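J.: The lines below spell out each chain.
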Amino acid sequence: MGLIQNAIDWGTEKSPWIIHFNAGACNGCDIESIDALTPRFDLERIGILKQGSPRHADVLICTGAVTLQTRDRLIQIYEQMSEPKYVIAIGTCACTGGIFDGCYCVTGGIDSVVPVDVYIPGCAARPETILSAVDKLLETLKKDRKKSRAGKSPPGKRRQQK
Amino acid sequence: MNREEEIVSTLCTEFPFLHERISIQKAKRIFTNVLRKDEFEQVIRFVHDEMGFWRAHEVIGTDDGENIGLLYLVSGAENIILILRTSVPKTNPVVKSISDMYLSIVLHERELVDLFGVVVEELPDGPSYPLPDGWPKGNFPLRKEWNPEYLNKAAMTYEPPSEKEAKV
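One line per chain: the protein sequences are Z and H, in this order. If you read the first sequence in the working numbering, its first letter stands for residue 58, the second for the next number, and so on. If you read the second sequence in the working numbering, its first letter stands for residue 158, the second for the next number, and so on.
Possibly wrong hints are sitting among the right ones.
Said to hold, decoys possible - Label-pair distances were calculated between CB atoms; the ranges are:
hint, chain 1, residue 1, chain 2, residue 2, range
1, Z, 99, H, 236, 42 to 48 Å
2, Z, 67, H, 212, 58 to 64 Å
3, Z, 91, H, 293, 34 to 40 Å
4, Z, 139, H, 293, 35 to 41 Å
5, H, 198, Z, 189, 56 to 62 Å
Stated by the list, open to error - Calculated Cβ distances over 12 Å to all of chain Z for the following chain H residues:
hint, residue
6, 184
7, 196
8, 198
9, 199
10, 214
11, 275
Derived by calculation from the structure, the hints in this document are not laboratory data. Bear in mind the structure is a predicted one, so any value in this text is a computation, not a measurement. We put the beta carbon where it would ideally sit given N, CA and C, even for glycine.
I would like the entire structure built from these sequences, with the hints used as guidance.
T.: Okay, structure coming up:
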């Protein structure tokens, strides 16, 4: 069991698979997050692959403020991902709600619905900052792995949904 | 006489009540003042049937206090946008749908229904748009007396302080 867990941790740390979810963005941050995958910036060279299904993904990349229409879908997608799972909020709207905060149809940032690990501010967030955020996320993954090895934080019970 | 002036003079000869109530704001933009509901229905049917204004851009709703203002933007092949204004009282906000002439206007009229509480007669059946499922009935978020702070987004209920105190 320890060997398999080590292999899973190693794979997550070296090659996190991502899925992108638009919770109500204007498409600006979506374009920039796709831009980070193109040859000029090339997130794939550090092992990150974009997945079509949340069941295959380790990292949920969210853009936009959460609207009442997308709130349940976001929770559903987050629950479909297997542990350990991480969330990156891209753009000012995803971090805090931005200019849409307090609107009748907006609940706020991504962290009003699911826990967020990395916040990337910016309108729209630039691909360089997305790369930097992924770098920071990989450091978090390494720390988590160490903690998990030391038995401080058993995998699967690390985070509770709000 | 340029094309905008031609349109204005045609409309004024056809509808005498439009005299001095229609103006050219700038090139390709013609505004009318607020028309009565029956006047508005006559004018929009005429510009659609006789003057080649076959495209409807949108309907804009405004909260003018006691009335709800409606701005209908229509244009034709010459890209001259004619903006027809009308208004309905909040106590009886009933307006007739123009979706028999302009098919694409249905979504915009559904927005009026959901966001302003305007009753649009002869609107084709369909799902509500754009408010989410479970939205409390009788709440129209773009009316000025509606306050988003009193909306409980988790339970989807709207409770102004006066109602809360009455319950206690």
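J.: Look at each hint and say if it fits the structure.
T.: Hint check results:
1. Between residue 99(Z) and residue 236(H) the Cβ separation comes to about 44 Å, which falls inside the hinted range of 42 to 48 Å.
2. Checked against the hint of 58 to 64 Å, the pair residue 67(Z) and residue 212(H) passes, with Cβ atoms roughly 59 Å apart.
3. The hint said 34 to 40 Å for the Cβ distance between residue 91(Z) and residue 293(H), and at roughly 38 Å that hint holds.
4. Our hint of 35 to 41 Å for residue 139(Z) and residue 293(H) holds, since their Cβ atoms are close to 37 Å apart.
5. Separated by about 59 Å at the C-beta atoms, residue 198(H) and residue 189(Z) satisfy the suggested range of 56 to 62 Å.
6. The claim that residue 184(H) lies off the interface holds: its Cβ sits roughly 30 Å from the closest Cβ of chain Z, which is beyond the 12 Å cut-off.
7. Against the 12 Å criterion, residue 196(H) stays outside the reach of chain Z, whose nearest CB is about 33 Å from its own CB.
8. Remark: the non-interface label on residue 198(H) is consistent with the geometry, its nearest Cβ contact in chain Z lying 31 Å away (cut-off 12 Å).
9. Every C-beta of chain Z lies more than 12 Å from that of residue 199(H), the closest at about 36 Å, which supports listing it as non-interface.
10. Against the 12 Å criterion, residue 214(H) stays outside the reach of chain Z, whose nearest CB is about 21 Å from its own CB.
11. With a least beta-carbon separation of about 17 Å from chain Z, residue 275(H) lies farther than 12 Å from that chain, consistent with its non-interface assignment.
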